[in-house]
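K.L.:
Single-letter residue listing:
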Amino acid sequence: MADSANSMGNTLTRINAVGLRQDERRERLALFGLSVPAILLVIVIVAIPVGWLFWLSLFNDEGVLSTYNYTRMLESKSYFRIFRTTFNVSFMTTALCVIIGYPFAYFLAQLPQRWANIGLIAVLLPFWTSLLVRTYAWLVVLQRKGLVNQWGMELGLWDAPLRLVHNMNGTLIGMAHIMLPFLVLPLYGSMRTIDQDYVKAASNLGASPFQAFWNIYLPLSLPGLFAGIVVVFVLCLGFFVTPAVLGGGRIIMVSMKIETIIDLFFNFGTASALGVVLMLLTLLVLFISHKLLRLDRVLGGGGGS
Amino acid sequence: MSWLDSPASDTQIPHRNRLWLYFISGLVIIFLIVPTFIVIPMSFSASQYLEFPPESWDIRWYENYFGSSEWMTATWVSLKAAVITVLITTPIATMAAYGLYVSQLRLSRFIFILLITPMMVPVILIAIGVFFAYTKLKLNNSMIGLVLAHSTLALPMVLIVISAGLRSYDMNQERVARSLGASRLKAFFIVTLPQIRFSVITGALLAFIVSFDEVIVALFITGGKMSTITRSMFLALRDQIDPTIASISTIMVLVTSIALLLAQVFGQSKRK
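Read top to bottom, the protein sequences are chains A and B. Residue numbers for the first sequence follow numbering that gives the first Met the number 0, beginning at 0 and rising by one. Residue numbers for the second sequence follow numbering that gives the first Met the number 0, beginning at 0 and rising by one.
Careful: at least some of the hints might be erroneous.
Stated by the list, open to error - Chain B regions said to be covered by chain A (calculated; three or more residues, Cβ under 8 Å):
id : segment
1  : 35-48
2  : 67-81
3  : 228-239
Just so you know, the hints here were simulated from the structure itself, not pulled from any lab data. Note that the Cβ used here is the ideal one computed from N, Cα and C, for glycine as well.
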């Protein structure tokens with residue numbers, strides 16, 4: 000008697016469990032359904048059009064299926080030069096951001112929280128200000144009769160106006176200004192989480208301030224620095240507005256070339272091929288950095304040295 | 000012991016040896032802030048050329064801006080597009096963030112990555128893709144087309160911000176509300192939403208900025224009476240420098256600064 004009652008209870012529990020699990024699955028699916036509008040938006044506005052462009056890039060000008068648009072990119076020197084310029088500008092902008100961003104983030108991270116918050120306004124203000132306004136501002140500051148040239152000549156640093164804009168100089172200065180917040184914010188965030196006891200312990204054990212920084216602090220701040228570098232570099236690769244205005248037509252990035260091809264020749268095949276290659280290079284950079292970051296975490300977690 | 004010799008950090012390094020760091024950081028702050036504010040005096044210059052400091056003062060560039068029907072139309076188009084983008088993106092991103100976070104399916108991670116692709120694909124590629132598709136759909140030069148494109152561009156950032164907000168929120172509170180008889184919808188609106196409101200508001204602000212500041216997509220899919228203000232500014236900057244832009248820039252800088260200051264003040268008082 001007791002046995003059969005027990006087994007009946009078990010069966011009921013099992014049936015209930017199955018039902019509950021089904022209910023749970025149904026509810027999860029319903030919740031998942033909440034993301035459908037967002038998915039549709041991305042598919043309709045990004046996935047289908049970009050896929051369509053990719054399809055178009057596989058046809059040559061006569062409408063025959065070929066890899067012409069891609070092979071031409073490899074053969075033509077001018078396309079190679081544009082990609083080289085793009086990587087050059089991105090690399091140098093990133094380097095500039097690291098050189099001026101690291102000391103600044105370090106400075107902010109050492110300040111008491113209240114003062115650091117005030118310092119952060121200096122980073123957030125440009126971050127929220129219109130990109131176009133900032134680009135325009137640099138045009139004003141760097142031009143022949145601009146502030147920098149005027150002050151430089153008044154102080155006797157140089158005699159004739161320097162060419163600071165409508166070339167590589169202007170492009171790099173403007174882009175570094177726009178990208179700096181993207182480097183400083185993640186870097187500052189990771190520096191704030193560094194446990195100061197490690198640094199204290201190092202100097203207690205006889206490390207000079209420089210040694211304590213170099214052997215302890217710097218390695219601990221690397222993940223934040225690395226995240227910032229990746230974001231800045233990837234954003235630079237696709238940049239358009241700032242180089243178009245501050246480069247004065249001398250600095251041609253891939254995205255500017257694409258715009259010209261559509262604007263002047265309405266040639267979607269060639270433009271799409273350039274865009275697809277730019278996207279693949281961007282994804283490649285993201286993929287590699289993802290792998291490297293993982294590697295970093297594994298090494299940091301295992302060794303602890 | 001003077002301030003210069005007092006220790007600046009846990010490594011007992013004196014402030015004296017840190018002066019270079021303070022100097023560099025001061026320069027960086029100047030580098031970050033000053034250029035943005037240079038546009039303010041420039042906008043009151045009487046001269047057509049960009050001299051600094053301006054030799055004589057005038058408000059003609061403001062008159063130019065407010066008196067020009069083209070600039071006014073462009074301003075309205077941008078403001079309208081930005082507001083509608085906020086109204087579309089914020090609920091869609093909140094729904095997606097909540098759904099993906101709560102459902103915990105293996106698929107969720109993949110969908111999350113799909114939803115942030117608009118941030119990883121170069122904008123120029125999205126721009127020509129949308130332009131091509133809109134030509135077929137006859138959506139070029141339409142508010143709905145512009146707003147859909149901007150909503151997609153804004154989606155990743157808003158989604159990331161709101162998801163971060165959800166992760167730092169204790170979902171048990173919603174479970175408690177539901178075990179006390181609230182429906183999921185009610186529990187979300189009266190328990191969860193008020194607690195993640197800061198991320199939602201930040202997300203909405205981001206959506207506004209992304210749309211208002213967007214140039215590249217608008218460059219392709221709008222024109223004439225549908226041209227956005229940043230598109231017109233970009234074209235004006237590329238061709239010739241019209242000081243009217245200084246007056247527009249000044250207005251934008253002031254609006255941003257005031258908004259940021261308010262956010263800082265209110266954000267601080269809320270946290271306490």
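K.L.:
Can you name, in rising order, the numbers of the hints this structure does not satisfy?
P.N.:
Violated: hint 2 alone.
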